[in-house]
Structure formats: C-alpha cells, structure tokens
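Student: The residues making up each chain are set out below.
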Amino acid sequence: MLNFLKKKKLAAAAAGFLVLMILAALLAPLIVPFDPNEVDLDRVSRSPSRRHLFGTDEKGWDIFSRVLYGARLSLLIGGAATAASLVIGGAVGLAGGYFQGPLDSLLQMVTDITLAFPGLLLAIGITIVLPPGFFSVLIALSLVGWSSIARVIRGEALSLKQREFVEAGRAGGASHFKLMVRHILPNCLPLILVVASLKVGSFILAESALSFLDLGVRPPAAAWGFMISAGREYLKTAPWMTLFPGLALALTVIACNLLGDAARDYLDPRLKM
Amino acid sequence: MIRYLLKRLLVAIPTLLGITLIAFILVKSIPGDPTYALVGERTSAEVIERNRVRLGLDRPFLIQYGKFLANISPLRITAPGTEGFEGDPAPSSSPFKVPYLGRSYFTGSPVSLMILEKLPATGRLALGAMLVAILFGLGLGIVSALFPGSFWDRLCSLLAIGGISIPVFWAGLILILIFSYHLGWFPPSGMGGGALIFLILPAVTLGSRSAAYLARITRASMLESAAADHVLTARAKGLSRFQVVSRHIFRNSLIPIVTLAGLDFGSYLNGAVLTETIFSWDGVGRLAMNAILQRDYPVIIGCVLFGAVIFVAANILVDLSYAWIDPRIRLGNGD
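Protein chains in written order, with my numbering: chain G, 1 to 273; chain A, 1 to 335.
No lab work stands behind these hints: they were computed from the structure. Be careful, since some hints might not be right.
[Said to hold, decoys possible] Computed far set for chain G versus chain A, every beta-carbon distance over 10 Å:
1) L76
2) A91
3) F99
4) G125
5) F135
6) L138
7) R163
8) G172
9) A209
10) G225
11) I254
12) Y266
[To be verified] Listed next, the stretches of chain A that the computed footprint assigns to chain G, with coverage defined by at least 3 CB atoms under 8 Å from CB atoms of chain G:
13) 168-178
14) 234-245
15) 273-284
16) 297-308
We treat Cβ as the ideally placed atom computed from N, Cα and C, and that holds for glycine.
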C-alpha cells in the first residue's frame with residue numbers, strides 16, 4: 001500500500017489532505033482562534049487578514065473558525081452516513097445474493113425503487129417530514145444511499161456463493177448466517193472499501209446541498225453548505241464568505257474521490273470506469 | 001421492437017407503484033394535521049371532523065392510497081371519493097386529465113398546474129445543460145482516450161474529478177463572481193425574457209457535473225473497445241484512423257455512454273433545485289426551493305414525485321435507445 005501511494009502522488013496528496021482535515025476537525029476546539037459562535041459586531045464583514053485568515057461574516061463570526069467546525073460536521077455526517085448505508089446495503093445485498101429466490105426478488109424491487117428516485121430530491125422529501133437536525137440528515141442520507149451499495153454487494157455475494165470455499169463450508173455444516181458472515185462477507189471487503197470511500201464524498205456533498213437548502217443542522221451550528229448560502233447575499237461585497245467554506249468543501253470531496261479512485265485501482269481494477 | 005417496448009413499459013409499473021407509495025407515505029408523514037392546514041386551527045372539533053371525513057382521512061390506509069393513485073393518475077378514473085379539480089385544462093370528455101397532486105398551502109392553486117407552468121423554463125435550462133455536458137464530456141473523454149497517459153489525458157482526468165466533486169451551488173456562485181461581477185460578460189441572474197446570454201452560466205453550472213461523468217465513462221469505454229479484436233482487423237485492412245475511431249471504437253462504446261448520459265439527464269431536477277435558486281431561474285427547481293423555505297408540503301412532495309417520474313421515463317428511453325444502437329437487443333435475444 002505504501003509503495004502504491006508512492007507511485008500515485010496525487011492519491012498520496014489527497015490522503016495527506018484528508019488526514020490534515022480530520023486532525024483539524026478533531027482538534028478544532030483547541031486550534032480555532034475565535035469562538036465560532038461568538039457574535040462581535042465590531043468586526044463585521046472584515047476581509048481576510050492576518051487576524052482573521054478567512055475574514056469575518058455579516059454577524060462578525062470568524063470564518064476560519066467556522067470552517068474548521070464545519071469540517072467536524074461534514075466528516076462526521078459523511079462517515080456516519082457511509083457506515084449506516086453500508087450496514088443496510090450490506091445486509092440487503094448479502095441476504096439477496098445468498099438466498100436468491102423470492103426474498104431476493106423482493107429486496108431487489110425495493111432497491112430498484114429507491115434507486116429510481118433522484119437522490120437529492122428523495123433526501124429533501126425525507127428531511128422535510130422529520131424534525132430538523134443532525135439525525136434527520138443522517139437518516140435521510142442513509143435511506144437514500146444504501147441502495148447502490150446493496151446492488152454492488154448482491155452481485156458479489158451471488159458470484160462468491162458459487163465458489164468452492166463456500167461449498168466446503170456448507171459441507172462442513174456451517175449455518176447460513178455463518179456462511180454469509182464468515183465466508184462471503186470477508187471476501188467482499190475490498191469491494192466494500194472501494195464503494196465506501198467513493199460514498200463518503202458523495203454524502204459530504206449531499207449534506208452540504210441539504211444545508212444549503214436550509215434543510216440541514218440548525219444554525220448557529222457551523223455547516224459549510226449553510227455558510228455558502230449565507231454568503232450568497234454578500235457575494236459582491238464579501239466574496240470570502242462564500243469562497244472559503246466552498247473551497248474547504250470542494251477540496252475535501254475531491255480528496256475523498258481521488259482516494260476512492262486510487263483504492264479502486266489498487267484493490268479491484270475490475271471496477272475501473 | 002414493439003414487443004420490446006411493451007415489455008419495458010410493463011417492467012416500469014412496479015417501480016412507479018413503489019415511487020407513488022413512497023410519495024404517499026411522505027404525504028402521510030407531513031407534520032401536523034392536513035385538515036388544520038385547510039380550515040385553520042381556530043375551528044370547532046365538529047368542523048374538523050366533517051373535513052376529515054370529506055377528505056377521506058378516516059378511511060383505511062389502502063383505500064386512502066388508492067384514492068391518491070386515482071388522483072395522480074393521468075387517466076380519468078372516477079372512483080367514489082376522488083375529486084376532479086377545477087382549472088384542469090383537459091376537457092372533461094377526454095379519457096386523460098392532468099394529474100392532481102394536491103393544492104399549495106399558500107396560493108391554493110393545484111400543484112400540477114404550478115409545475116406545468118414552470119416546466120418550459122426548466123426544460124430550456126436542461127437542454128442547455130445537456131448540450132454543455134455532451135460537448136465537453138464527449139470532447140474531453142475522446143481526447144483522453146485517443147492519447148492515454150499524455151498530459152492532456154491527465155488534465156482531462158483532473159478536470160473530471162473536479163467536476164464530479166465540486167458542489168453545483170458553489171460552482172455557480174463562483175462563476176457569477178468571476179464572469180458577472182468581475183468580467184461583466186454574463187448577467188448574474190434572471191431569465192432575460194429568453195435571451196440566450198442569460199442561459200449560458202446556468203447551463204454550464206448544471207451541465208458541468210454530467211460533463212465530468214460523461215468524460216470519465218467515454219474515456220474508459222473507448223479504451224475498452226479499442227482493445228477489441230475487430231478494431232485490430234479494421235486497422236489491418238487499412239481503414240483510416242478517423243474511420244477506425246468513429247465507426248469501430250466510438251460506436252461500440254456508445255452503450256455505457258448512453259446509459260450514463262440518460263440516467264444523468266433524468267436526475268437534472270436534483271441539480272436544477274440548486275442551480276435555479278442561485279440564478280433566480282424561474283423553473284420547477286426554484287418552485288421546489290421556495291416551497292421548501294415556506295414548508296409548502298404538497299408542492300415539495302409534488303416536485304419530488306415529478307422528479308422521480310421523469311427519472312423513470314429517462315430510464316425507459318435509455319433502454320429503448322439500446323435497441324436502436326445495438327440490433328442484437330432489438331431482435332429479442334438480448335435479455
């Protein structure tokens with residue numbers, strides 16, 4: 001893996017950036033120069049300076065501090081939504097591919113129906129009927145995101161099921177559950193890793209879109225999407241309000257996708273597109 | 001061909017039913033009692049009960065769902081409890097009607113008519129975006145595939161990653177900042193009564209993501225078909241490079257390209273919500289956005305359902321285009 005990263009400088013840079021971002025998010029309370037929610041009307045809409053690296057917004061909030069706090073939210077939601085949709089999608093895909101028959105048909109129908117919705121629209125539909133907040137966003141993203149994972153894992157489980165080692169396990173008297181979890185699932189891991197790494201970026205994007213539409217976590221909690229939407233009104237006079245949160249968002253998602261692409265090339269070249 | 005078409009349409013029916021079921025569940029989960037929204041909260045319990053019965057809210061779930069289906073169906077189904085709505089432009093004698101998606105909480109007008117009214121603007125934006133996506137996506141993808149590993153290939157790949165990763169709404173704002181505020185080349189917002197110059201920035205914003213996807217899939221798909229034996233044969237029999245690329249490589253790469261393009265175009269309403277908001281483009285996406293801000297639930301869910309139906313329709317069109325691209329599918333042995 002280290003050798004691989006050496007060859008792929010871009011992927012290495014992406015990995016480095018993400019590590020930095022995660023560290024910044026974890027340590028945000030220690031490194032932010034200003035309280036992200038402290039309103040100071042003496043420093044409203046200042047342009048970037050040495051004191052305020054990314055400038056301040058119309059409420060006098062320090063944008064650099066809020067971008068760091070936004071990283072916590074984005075990475076947390078991205079990670080949690082990926083984990084949740086892996087659990088749902090993995091269970092559905094494994095069960096469908098392993099048991100086949102009517103259960104599989106039913107599960108596939110549900111998967112297809114979920115896939116038939118344009119993702120953001122379905123997420124909007126789900127978030128508006130839930131009380132606003134972190135968990136609504138998480139639920140909406142996971143309910144939308146599991147289906148593509150289920151489809152990929154089902155295909156893999158279907159083909160793994162035919163292999164000799166599963167046959168051997170069955171002959172040895174292993175239960176269905178044991179066959180699925182101990183024999184098939186570990187062999188899906190490379191695939192799962194690739195899908196997951198590509199999914200994180202798309203969840204981070206979706207979360208920012210929801211909070212841009214004012215459907216995400218409630219302010220004053222810092223969310224990149226919300227900061228960008230707040231900066232819209234001041235685009236002409238205070239473009240840094242829009243520029244920096246968006247830059248952080250774009251770079252994070254680019255890094256996730258670069259890393260996902262590299263993971264795919266390394267672990268499973270068949271998925272290359 | 002007809003048989004293939006019918007088969008595809010039949011397969012879409014359970015999907016459509018599932019979509020409507022989800023939309024119905026969303027409608028049922030709207031916070032608050034819909035009768036309050038209709039008659040206001042300062043009404044006696046008796047009036048509310050009467051309205052609940054009138055709206056059929058006291059009936060079992062499946063019956064309510066059936067009524068919902070009859071209402072949103074484009075066919076005129078007269079079942080007990082279904083209501084026609086005034087303002088339906090279709091004549092009452094025709095077997096078709098405009099689907100009824102409920103009424104806006106705020107203006108009281110039927111949601112389907114509101115969507116229909118905004119549809120031409122969104123259609124124009126989507127066409128513009130499609131043009132951007134095809135022009136840039138295919139262009140970049142083909143250049144990458146013709147010179148794999150070159151500087152241009154790597155530049156195209158990087159552009160494609162950026163196009164996929166950069167949020168649509170931020171890209172739009174940055175384009176406005178550069179091309180409207182600093183350079184003054186394009187107007188920052190509005191539709192300008194249909195002037196083409198107003199379309200350019202929104203179309204680039206909405207189309208860039210698709211362009212990036214298309215470039216990636218075009219590159220991969222062309223590289224794959226370039227490795228096939230028939231390409232070697234074509235080259236060996238002395239065809240020009242242009243002929244080999246256009247007739248033997250490109251044509252055989254079309255299936256994945258069309259699949260992805262079609263599916264992506266089907267989901268334009270996703271991006272349209274964001275793009276139209278930023279550019280004050282008066283289409284379905286902005287309608288949805290305004291409804292979200294006002295918590296105008298019938299309008300939001302109407303737009304979600306509309307988007308899903310468009311998506312399924314795009315899926316079917318993609319399948320039909322396979323038959324056109326690849327005669328093996330048309331003749332019925334490609335299942």
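Student: Confirm or reject each hint.
Tutor: To see whether the hints hold, each was checked on the structure:
1. L76: holds (18 Å)
2. A91: Holds: least Cβ distance 20 Å, greater than 10 Å.
3. F99: At roughly 20 Å from the nearest Cβ of chain A, F99 (chain G) sits farther out than 10 Å, so the non-interface label holds.
4. G125: violated (4 Å)
5. F135: holds (15 Å)
6. L138: holds (17 Å)
7. R163: Holds, since 26 Å exceeds 10 Å.
8. G172: G172 (chain G) is indeed farther than 10 Å from all Cβ atoms of chain A, at 37 Å.
9. A209: Since the minimum Cβ distance to chain A is about 6 Å, A209 (chain G) lies within 10 Å and the statement is violated.
10. G225: About 8 Å separates G225 (chain G) from the closest Cβ of chain A, which leaves it inside 10 Å; violated.
11. I254: For I254 (chain G), whose nearest Cβ neighbour in chain A is about 4 Å away, the distance does not exceed 10 Å, so it is violated.
12. Y266: holds (17 Å)
13. 168-178: As far as the stretch 168-178 of chain A goes, the hint holds, because 7 residues have Cβ atoms under 8 Å from chain G.
14. 234-245: violated (count 0)
15. 273-284: holds (count 4)
16. 297-308: holds (count 7)
When each numbered hint is compared with the structure, violations occur for hints 4, 9, 10, 11 and 14.
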